[in-house]
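Colleague: Spelled out from the first residue to the last, the chains are:
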Amino acid sequence: MRRSVLQVLVALLALSPVAAAQPQIELTWWINPWRIVTPDMPEGATATGEEYARYMSEKFMELHPNVTVRYEIVPNAGYSEKITTAIFSGTTPDVAKDLNWNPEWAREGLLEPIDPYLTDEDREDFLPYALAKGLIDGQHYIWPWNNSNNGMGSTLLLNTALFEEAGVEIPALPDRSWTIDEFLAAAEKLTMDRDGDGTTDVYAITFAARDVENMLSWLMRFGAKLVNDEGTEFVLNSEEGVRALQFIVDLIYEYGYAPRGGEALDVYGTIENLHNGRAAIGYGGIYEIGRIDRYLKEGRIANPIDVVIAPFPHDPEVGPIAYETSGGFIVFKQEDEYKREMAMELARFLTNKENIKLLETLLYITARRSANAELTFEDVADYTGDVPTEVQVYQAAIDHGVPFFGPSDLDISAAMEHFTAAMEAALSRSKTPQQALDDFVREANRAVFGR
Amino acid sequence: MSTVGAPAGVTGGEARPRAEARGRAEGRGGRRGRAPGQGGLWGVVFVAPQTLLFVAFFLVPVVIAFALAFMEVRPTRMTWVGLANFRRVLDDPLFGRALVNTSVFTAVVVVFWLGKALLIAYLLDPMSSALQTFFKSAFYLPAVTSSVIISLIWLWIFNPTFGLLNAFVGLFGVEPVAWLGNTRTALPALMAMQVVMGGGSSIVLLSAALARIPRDLYEVALIDGARRPTIFAKVVLPLIRPTLLYLVVTGTINTFQVFESVYVMTQGGPQFATTTVVYRIYQEAFQRFNLGLASAQAIVLFLITLVLAAVQFRLLGQNVEY
Chain U
1 MRRSVLQVLV ALLALSPVAA AQPQIELTWW INPWRIVTPD MPEGATATGE EYARYMSEKF
61 MELHPNVTVR YEIVPNAGYS EKITTAIFSG TTPDVAKDLN WNPEWAREGL LEPIDPYLTD
121 EDREDFLPYA LAKGLIDGQH YIWPWNNSNN GMGSTLLLNT ALFEEAGVEI PALPDRSWTI
181 DEFLAAAEKL TMDRDGDGTT DVYAITFAAR DVENMLSWLM RFGAKLVNDE GTEFVLNSEE
241 GVRALQFIVD LIYEYGYAPR GGEALDVYGT IENLHNGRAA IGYGGIYEIG RIDRYLKEGR
301 IANPIDVVIA PFPHDPEVGP IAYETSGGFI VFKQEDEYKR EMAMELARFL TNKENIKLLE
361 TLLYITARRS ANAELTFEDV ADYTGDVPTE VQVYQAAIDH GVPFFGPSDL DISAAMEHFT
421 AAMEAALSRS KTPQQALDDF VREANRAVFG R
Chain B
1 MSTVGAPAGV TGGEARPRAE ARGRAEGRGG RRGRAPGQGG LWGVVFVAPQ TLLFVAFFLV
61 PVVIAFALAF MEVRPTRMTW VGLANFRRVL DDPLFGRALV NTSVFTAVVV VFWLGKALLI
121 AYLLDPMSSA LQTFFKSAFY LPAVTSSVII SLIWLWIFNP TFGLLNAFVG LFGVEPVAWL
181 GNTRTALPAL MAMQVVMGGG SSIVLLSAAL ARIPRDLYEV ALIDGARRPT IFAKVVLPLI
241 RPTLLYLVVT GTINTFQVFE SVYVMTQGGP QFATTTVVYR IYQEAFQRFN LGLASAQAIV
301 LFLITLVLAA VQFRLLGQNV EY
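Line by line, the protein sequences give chains U and B. Quick note: the first sequence uses our numbering, first residue 1, plus one each step. Quick note: the second sequence uses our numbering, first residue 1, plus one each step.
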């Protein structure tokens with residue numbers, strides 16, 4: 001009896017330094033809704049956006065019983081405002097999704113650099129541009145997580161039934177690449193007046209002035225750039241830029257392949273036109289296949305539409321171009337060393353090879369090469385069969401990714417309202433493409449570079 | 001003939017109610033035997049919670065905003081910049097555009113919305129009490145509905161592709177219009193929405209004001225040969241002037257702060273045609289983190305509304321007795 005009591009005491013004494021080294025701490029984690037299906041969800045259940053944060057928090061707390069993770073789901077629409085308010089009120093979370101990433105946060109000393117915590121294996125495994133997104137003044141600030149976005153600016157969705165009705169062949173695998181001329185030929189046939197009443201029933205595509213990523217992608221078709229390579233000047237009013245914008249305007253007004261009124265639409269207008277069959281081509285990548293699947297389950301779409309992915313058409317002289325982007329987690333400045341360690345540990349935990357693969361259920365590709373090699377994309381969308389083929393097409397498209405918004409350390413947010421205004425002006429024909437882009441470049445250079 | 005509810009100064013009965021009220025108050029005080037200062041102390045106690053909330057959540061933020069307007073505010077530091085933020089406000093062509101948009105929006109909305117409220121209240125006035133209650137409740141309904149929900153509904157109405165409005169004008173052979181995408185129609189579209197949906201509480205207040213007008217005044221005017229428009233202009237309008245003044249002032253101040261519909265429906269576009277002052281403040285503060293500049297813009301807005309209210313009191317407040 002005495003011996004066993006002694007053993008317990010010795011054990012307690014042995015454990016006490018460990019307990020002292022691991023104080024009870026609380027970590028706050030903000031993330032926007034990611035409808036990831038977690039392993040503990042029932043078969044066929046639709047994620048609401050909270051499951052992922054709950055599941056990962058619980059898993060992390062199992063590994064670190066002394067840590068309480070308080071997650072908060074912040075809606076996309078209010079994310080930027082909430083982060084701003086938190087920064088100025090000194091109430092930032094410990095870990096946060098990098099939505100509306102602003103390089104100024106790092107420059108202002110609000111973030112912890114992650115370099116001391118990145119292993120050589122991490123540096124090798126993370127996609128270089130995903131890691132480079134958070135590179136500010138020689139230090140990294142973002143734990144990469146998602147590679148690419150929902151496909152906006154990178155790929156198109158083709159409604160196979162409408163292509164068949166119009167007698168248009170889907171571009172050929174393996175990458176379904178097509179040229180601008182091939183796209184134009186297809187668009188002509190896809191624009192259909194079914195009953196011959198003089199009103200277009202189906203348009204080939206939709207242009208939306210308030211859809212920045214897709215409009216910018218179109219503007220880059222002939223080789224234009226938003227800012228120069230040095231990140232010192234807006235140059236979208238180049239000959240190539242004006243030609244691309246004129247091409248868009250002509251598709252609407254000259255050829256009638258796209259509906260008028262695009263100056264009032266945002267990206268959801270394009271999605272709606274695809275979903276209700278008013279446009280044969282929509283925007284987005286594999287994630288958007290998941291959106292159709294989800295909308296069907298939620299009853300927001302009456303009939304399933306079968307879509308396949310194709311890259312944006314390219315000019316043979318320029319080659320394919322897609323939107324290179326990624327996202328991840330940031331760690332805000334910590335006073336306490338142990339808390340800093342654990343905040344970094346949480347961010348690392350979310351982005352490690354095993355956990356990053358959960359993005360597959362959302363039809364997202366990850367920022368880790370090793371994880372991507374193991375993703376199969378089997379059984380991730382109920383209504384459509386061959387998702388893996390679409391993933392291959394999508395992957396092939398984003399392999400041609402370029403950063404749309406200039407160097408990662410350049411904050412161009414003040415210019416983008418002028419970009420939208422330029423697109424609104426051009427799509428409504430209140431300005432010529434040349435005037436619209438000249439005005440944009442002048443105002444953008446003033447707003448961002450002060451000249 | 002009823003004289004119940006006759007407005008002060010009309011029937012010459014102003015002094016009596018005040019005297020009665022004073023007498024009742026003195027009587028209560030006398031029965032309880034309170035010392036003169038005791039009631040004041042309890043008054044302070046009861047007013048204190050509201051005062052504290054007012055100070056904490058209104059007065060202090062306003063004072064801080066005034067201070068921030070003279071500083072460059074970064075997350076980790078604040079630097080005194082004097083009037084630099086105000087110079088930037090004046091140099092910003094988009095703020096000027098926002099001021100013009102807001103002024104036009106306010107002028108049109110307040111006039112039409114008040115006119116609509118007055119017309120409806122005047123039409124409701126002769127109706128039975130039950131009918132009045134029904135209509136007033138119906139017109140008040142939008143006031144208890146979230147402005148964001150209303151904006152979303154109107155977003156659908158104005159949709160260029162499948163919107164209700166284009167479907168309606170299409171019946172007359174009119175081509176679809178991008179109501180919120182056209183620089184000429186976007187602001188008028190927002191104004192129309194505001195006029196149609198607003199005014200519920202104004203109708204209630206104006207109905208109450210109209211009900212207080214003694215019926216014998218109408219009869220006297222009719223006997224004197226006045227026609228309906230003359231009665232409205234010469235009898236009704238002067239008697240509801242205090243209510244009108246209140247509605248014009250509060251309506252102008254509220255409308256000058258238009259934000260939700262712009263945020264939800266146009267984000268200030270197209271081509272800044274619907275950018276308003278408060279939306280611009282929001283952009284500077286929460287999208288670009290320029291709290292100093294945003295505070296300067298807010299102070300400019302405050303000064304403008306202050307001047308407007310003063311002018312309105314000056315113009316409409318003459319000969320008004322409360």
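Hints were generated in silico from the structure; no laboratory data involved. Keep in mind the model is a prediction, meaning the values are calculated, not measured. The C-beta atom is built at its ideal place from N, Cα and C for all residues, glycine as well. Just to be clear, a hint being listed does not mean it is correct.
[Unchecked claim] Each pair of labels, with its calculated beta carbon distance range:
1. B:F66 to U:R369: 52 to 60 Å
2. U:P75 to B:V169: 16 to 24 Å
3. U:E108 to B:A84: 48 to 56 Å
[To be verified] To give an idea of the interface, some chain B residues facing chain U are shown, with a C-beta separation under 8 Å as derived from the structure:
4. T76
5. T79
6. A84
7. F168
8. G170
9. G173
10. P176
11. Q257
12. Q271
13. F272
14. F289
[Said to hold, decoys possible] Rough simulated footprint, nothing fancy, chain B against chain U, three-plus residues with beta-carbon under 8 Å:
15. 158-164
16. 304-318
17. 325-332
Colleague: Taking the hints in turn, state whether each one holds.
Modeller: Going down the list of hints, with the structure as the test:
For the pair B:F66 and U:R369, the beta carbons lie near 54 Å from each other, so the given range of 52 to 60 Å is met. Between U:P75 and B:V169 the C-beta distance comes to about 35 Å, which lies outside the given range of 16 to 24 Å. Checked against the hint of 48 to 56 Å, the C-beta distance between U:E108 and B:A84 comes to roughly 20 Å, which is inconsistent with it. The beta carbon of B:T76 is positioned within 8 Å of a beta carbon in chain U (closest approach about 6 Å), and the interface hint is therefore held.
Against a cut-off of 8 Å between C-beta atoms, the interface hint on B:T79 is violated, since the closest Cβ of chain U lies about 13 Å away. At a threshold of 8 Å, the smallest CB-CB gap from B:A84 to chain U is about 14 Å, leaving the interface hint violated. Residue-level restraint check for B:F168 is violated (minimum Cβ-Cβ distance to chain U is 16 Å; threshold 8 Å). For B:G170, the interface hint is violated, since its Cβ never comes within 8 Å of a Cβ in chain U; the closest pair sits about 10 Å apart.
Among the interface hints, the one on B:G173 is violated; its C-beta lies about 12 Å from the nearest C-beta in chain U, farther than the 8 Å criterion. Interface restraint check: B:P176 against chain U, minimum CB-CB distance 6 Å, threshold 8 Å, status holds. Proximity of B:Q257 to chain U is violated relative to the hint, the smallest CB-CB distance being about 18 Å (cut-off 8 Å). For B:Q271, the suggested interface contact is upheld, since its CB lies about 5 Å from the closest CB of chain U, less than 8 Å.
Satisfaction of the interface hint for B:F272 is found here, the shortest Cβ-Cβ separation to chain U being roughly 6 Å, below the 8 Å cut-off. Interface restraint check for B:F289: the shortest CB-CB distance to chain U comes to about 6 Å, inside 8 Å, so the restraint holds. A stretch counts as covered by a chain when three or more of its residues have a beta carbon under 8 Å from one of that chain; for the segment 158-164 of chain U and chain B the count is 0, and the coverage is violated. Only when three residues or more bring their CB closer than 8 Å to a CB of chain B does the claim for the segment 304-318 of chain U stand; here the count is 0, and the claim is violated.
For the segment 325-332 of chain U, the proposed coverage by chain B is not satisfied: 0 residues have a C-beta within less than 8 Å of a C-beta in that chain, short of the threshold of three.
Of the numbered hints stated above, those contradicted by the structure are hints 2, 3, 5, 6, 7, 8, 9, 11, 15, 16 and 17, listed in ascending order.
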